[in-house]
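Peer 1: This is what each chain is made of:
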Amino acid sequence: DVKVTQSSRYLVKRTGEKVFLECVQDMDHENMFWYRQDPGLGLRLIYFSYDVKMKEKGDIPEGYSVSREKKERFSLILESASTNQTSMYLCASSFGGFGTEAFFGQGTRLTVV
Amino acid sequence: ILNVEQSPQSLHVQEGDSTNFTCSFPSSNFYALHWYRWETAKSPEALFVMTLNGDEKKKGRISATLNTKEGYSYLYIKGSQPEDSATYLCASPGGTSYGKLTFGQGTILTVHP
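These protein sequence lines map, in sequence, to chains A and B. Position 99 of the first sequence, counting from 1, maps to 99 under my numbering, and the rest follow consecutively. Position 46 of the second sequence, counting from 1, maps to 159 under my numbering, and the rest follow consecutively.
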């Protein structure tokens, strides 16, 4: 059974903290993605990676960075958490190409207080 | 940014009703259209990936059609059941080959017993 696993289902952090969200996939996918989901806005792409150590900004990268040191692991970093980063964060992976489906993790509900 | 729109935003139906919702996307430079189902407390899962104009796909009671010339796709659910309650997301990869997806806002379907 293919899997994308996110390290936490729920997180509560304080404003100004550095936050790490971890994602691991076991499908040997080249491409990995971080999205956030907010009510009425759908999933928005924060960053993606198409190879180890390679990354590109998505549509809303401000306040975030990423790390991909190994093919199976993609980390999202909130450098200094703010309340407007309270959201559901979803990691996904895929082989890439237009017709290949994405596989998602279960999501991390992050609350910044 | 690619513009993918879904309607309606939410839908309440009774068990046994058939329902449908719409995804619209730019008809120029079309590559593929993805549909995902996201049930509460689970990961989003792919329903269909459609690439050809006129394509029709079916999975059980759920089917989808694609019109790339006019830029829309319909998702149909026949005889809705409470377990069909979920958020239905459509997405397009635009012109990138990395599998990066632009999502619509989603349609939240609630099926009442």
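Among the hints, erroneous ones may be present.
Said to hold, decoys possible - Below 27 Å or equal to it, Euclidean Cα-Cα: the simulated DSS-like pairs (lysine-lysine) are:
(1) B:Lys170 to B:Lys155
(2) A:Lys71 to B:Lys172
(3) B:Lys155 to A:Lys13
(4) A:Lys71 to B:Lys171
(5) A:Lys3 to B:Lys182
(6) A:Lys71 to A:Lys18
(7) B:Lys155 to A:Lys70
(8) A:Lys53 to A:Lys18
Claimed, not checked - Computed beta-carbon distance windows for the label pairs:
(9) A:Asn84 to B:Glu169: 34 to 44 Å
(10) B:Gln122 to A:Gly63: 20 to 30 Å
(11) A:Glu79 to B:Tyr189: 42 to 52 Å
(12) B:Lys155 to A:Gly40: 33 to 43 Å
(13) A:Ile60 to B:Asn142: 17 to 27 Å
(14) A:Glu79 to B:Gln122: 44 to 54 Å
(15) A:Glu69 to B:Asn116: 13 to 23 Å
(16) A:Leu11 to B:Gln122: 23 to 33 Å
It should be emphasised that the hints constitute simulated quantities derived from the structure, not laboratory data. This structure is a prediction, so every number in the text was calculated from the model and none was measured. The C-beta atom is built at its ideal place from N, Cα and C for all residues, glycine as well.
Peer 1: All hints are to be evaluated individually against the structure, with a verdict given for each.
Peer 2: Structure-based check of all given hints:
1. B:Lys170 to B:Lys155: Holds - the C-alpha atoms of lysine 155 of chain B and lysine 170 of chain B are around 23 Å apart, at most 27 Å.
2. A:Lys71 to B:Lys172: violated, 32 Å
3. B:Lys155 to A:Lys13: Distance of about 23 Å is within 27 Å: holds.
4. A:Lys71 to B:Lys171: violated, 34 Å
5. A:Lys3 to B:Lys182: violated, 36 Å
6. A:Lys71 to A:Lys18: holds, 23 Å
7. B:Lys155 to A:Lys70: holds, 26 Å
8. A:Lys53 to A:Lys18: The given pair, whose Cα atoms are some 21 Å apart, holds under the 27 Å limit.
9. A:Asn84 to B:Glu169: 34 to 44 Å: holds, 42 Å
10. B:Gln122 to A:Gly63: 20 to 30 Å: holds, 27 Å
11. A:Glu79 to B:Tyr189: 42 to 52 Å: Holds, since glutamate 79 of chain A and tyrosine 189 of chain B (Cβ atoms, about 44 Å apart) stay within the stated range.
12. B:Lys155 to A:Gly40: 33 to 43 Å: Given range 33 to 43 Å: violated, Cβ gap about 21 Å.
13. A:Ile60 to B:Asn142: 17 to 27 Å: For isoleucine 60 of chain A and asparagine 142 of chain B the Cβ distance comes to about 23 Å; the hint holds.
14. A:Glu79 to B:Gln122: 44 to 54 Å: violated, 33 Å
15. A:Glu69 to B:Asn116: 13 to 23 Å: Between glutamate 69 of chain A and asparagine 116 of chain B, where Cβ atoms are some 35 Å apart, the hint is violated.
16. A:Leu11 to B:Gln122: 23 to 33 Å: holds, 27 Å
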